[in-house]
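Protein chains in written order, with the working numbering: chain A, 1 to 425; chain B, 1001 to 1425.
Some but not every residue of chain B turned toward chain A, in silico, with C-beta under 7 angstroms: (1) V1080; (2) D1247; (3) L1359; (4) R1386; (5) V1404.
Straight-line alpha carbon distances no greater than 16 angstroms define the calculated EDC-like cross-link-like pairs of lysine to aspartate or glutamate that follow: (6) A/K52 with A/D162; (7) A/K201 with A/D44; (8) B/K1161 with B/D1060; (9) B/K1063 with B/D1044; (10) B/K1086 with A/D399; (11) A/K86 with B/D1399; (12) A/K116 with B/D1334; (13) B/K1116 with A/D334; (14) B/K1005 with B/E1271; (15) B/K1151 with B/D1178.
Hints are computed from structural coordinates only; laboratory data are not their basis. Because the structure is a prediction, the values reported are computed rather than measured. Where is the CB? At the ideal position from N, CA and C, for every residue including glycine.
Letter by letter, the chains look like this.
Protein chains: 2
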Amino acid sequence: MQIIKNESINQIKARIRQQTLKTVDPQVENRVADIIATVREKGDVALKSYAKAFDDVSLDVLKVSSSQINQAMKSVDPEVIAALEKAAANIRSFHQLELQTSFEDSPRPGVLRGTKVTALSAVGIYVPGGTAAYPSSVLMNALPAKIAGVKNIIMVTPPQKDGTNPVVLAAAKIAGIDSIYQVGGAQAIAALAYGTESIPKVDKITGPGNAYVATAKRAVYGQVAIDMIAGPSEIGILADDSARPQDVAADLLSQAEHDVNARAILITNSEKLAQAVSDEVDKQLLTLPRVDIARAAVDSNGFIYLVDTVDDMIDLMNVVAPEHLEIQLENAYDYLAKIQNAGSVFLGKYASEPLGDYLAGPNHILPTGGTARFSSALGVWDFQKRIQYLDYSQAALSDDASDVAALAREEGLEAHARAIEVRQS
Amino acid sequence: MQIIKNESINQIKARIRQQTLKTVDPQVENRVADIIATVREKGDVALKSYAKAFDDVSLDVLKVSSSQINQAMKSVDPEVIAALEKAAANIRSFHQLELQTSFEDSPRPGVLRGTKVTALSAVGIYVPGGTAAYPSSVLMNALPAKIAGVKNIIMVTPPQKDGTNPVVLAAAKIAGIDSIYQVGGAQAIAALAYGTESIPKVDKITGPGNAYVATAKRAVYGQVAIDMIAGPSEIGILADDSARPQDVAADLLSQAEHDVNARAILITNSEKLAQAVSDEVDKQLLTLPRVDIARAAVDSNGFIYLVDTVDDMIDLMNVVAPEHLEIQLENAYDYLAKIQNAGSVFLGKYASEPLGDYLAGPNHILPTGGTARFSSALGVWDFQKRIQYLDYSQAALSDDASDVAALAREEGLEAHARAIEVRQS
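With the hints as constraints, model all of the structure from the sequences given.
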């Protein structure tokens, strides 16, 4: 990994900002627009034709049958089923704490104001195929929706020549997903946004995918809600001399192995740690099965920034705004107050990031590419919405009538003023 | 208004769905892409050049000075200032109830999980110019951000030949907005998303605008957060024989006067009310200053649907998913439980919609175009974000190590498993 030292904080900030710039591919945009239009026009026929063309799979029905799902449950290693069930229990107990509740107040006699919190009706979850088919992500997407009270949770996943990954089907069963369809790519997003003969239109689409999926989600945004446009995985680590280089290196590599574009960043005030982590990364890389991916990621997006103080370390990390942030410093909890931008934070030397990916309960669907500046982990709130309401008595309306009329007329909206005044007559 | 009767519920649903279809104008998209690229490249120079070209205003500085703001405060009718201050107090007391708080739990010894709720750092509010410069919207956008704890609230509004509307400046002062810039259109959105020499880059952009503003917000979505893509105003009214036709007609017109594309929909089980409201609309229209706009709206998007039962009325209205919903039925509150899709609900015969536009406290920035299916009124939650965190002891890590490793290896992510196992050594 490249060690950057003797640069000012502002120089490093400029570097970091440069690295988070994103671009959109207009060719992908045009292709996706075509696919969406075709799915809207031809429905299931289009989906089956794309399955043949893109995935080389001939499908009679898009829906995965319940007997296929039950068979999958039986075929999966019981140890994996047990781990998925333990993970599901932890995810449920954590996300239960996120439930928002309705509220109501009466600021004065005759006036009642409130907000009714309710669940979305139908949600679609995109699960990538092939090696990126992650059962853990099925749990992370579906369980918050389930806790919110979503009645209809639909999963889509690209058709596979040898059938859908049984562990993915098992995770869907454990999470209580209502139906599963074999459809992937931009065509899956179009089907969820507009509906087809067999796939119902949903209110929100969540889950990561490739450039086509991400572009399609952006295109249908507004027609349906979406969770976010997910980018490559990221880890940022704040560590000093108290950290063990082998732990830091292993955690950096745990994200680097995801994707050649993954980002792995260490910010430290220890030159000794910087060098030791760099050496450890080189050493640990050698024995990883996904060595080529991890090496490409650390070579192009792996950086160790050496600065003077812990305050500078935190200041820079808030500019990185990493998806995952580890604080491997003594009394890590105390630094939490200064963290402004991060998706999920791991405190101390034993809270290794993969605990959060799989088991501990906090969500692993997190903002990437600096979007932790303004967005948050997927949660129950993503599947709830709020309906405001208001009741006024005749007397309360009389009290406020002249103020409403004054403001309405100031804005040139006479009919607004009259709607209040007609009730006075 | 057109009265639709003797149609089945499904026929009416199909009509309603047809009416909510939206299209994007590719010419506007291309123009907006140019403007964004120019602002990113040339910054303030581009903004001043657009001010000259689009608004015919020559600007030396973009920022509105505090003396201009103080002068505006003095020039506005004291009755209007008092009404704005009363509105601000109500908006504050209602939105205060929306504040989310941090939480933490320890599901077993050695494991600590939590979510820290914090405010976005900087927010940009778009305020349209000309006749659509609404002081009330300044309050509705800025006050929830203020309550959330946003440190830097920036307002942008198109340059006007005779200076910014003093009532808008007064509302900004009352709401505690930190700085105001004279810049409008797609160029204002680009400036807020990417920053220029004088305008800081923000984390989220809120506020309605024309097609250029809406298209620009969609284009920068992901680079920054946005509130929503606002469409024309809408009102849906559920009413039976107990409602007064003049009230119902006045409220339909209060939204129709906003925009020729505004939607005004009455769903009733009373043929008598249907006819009386239609007649009242024709009558009240005649004396409205904005008669041409309101007439165009009711002619093209004003419908009265006559159905048999209150259940059918509610069922249809949930398909409309109106921005504003009035329930002018006896015991209106009791029907709230059945409302699934609406932005803001007004209960009973005295809760006229303009109360919510101006004074009562619930927000008037609401989902339109059927998006109440999945989105909500603007609120404090729009300006807060959540950072998850996790702490594990060495013993707790040992307990979970084999489960994490099993799931990681099942997903083919060996480096994830090793990050856990390296801590066991």
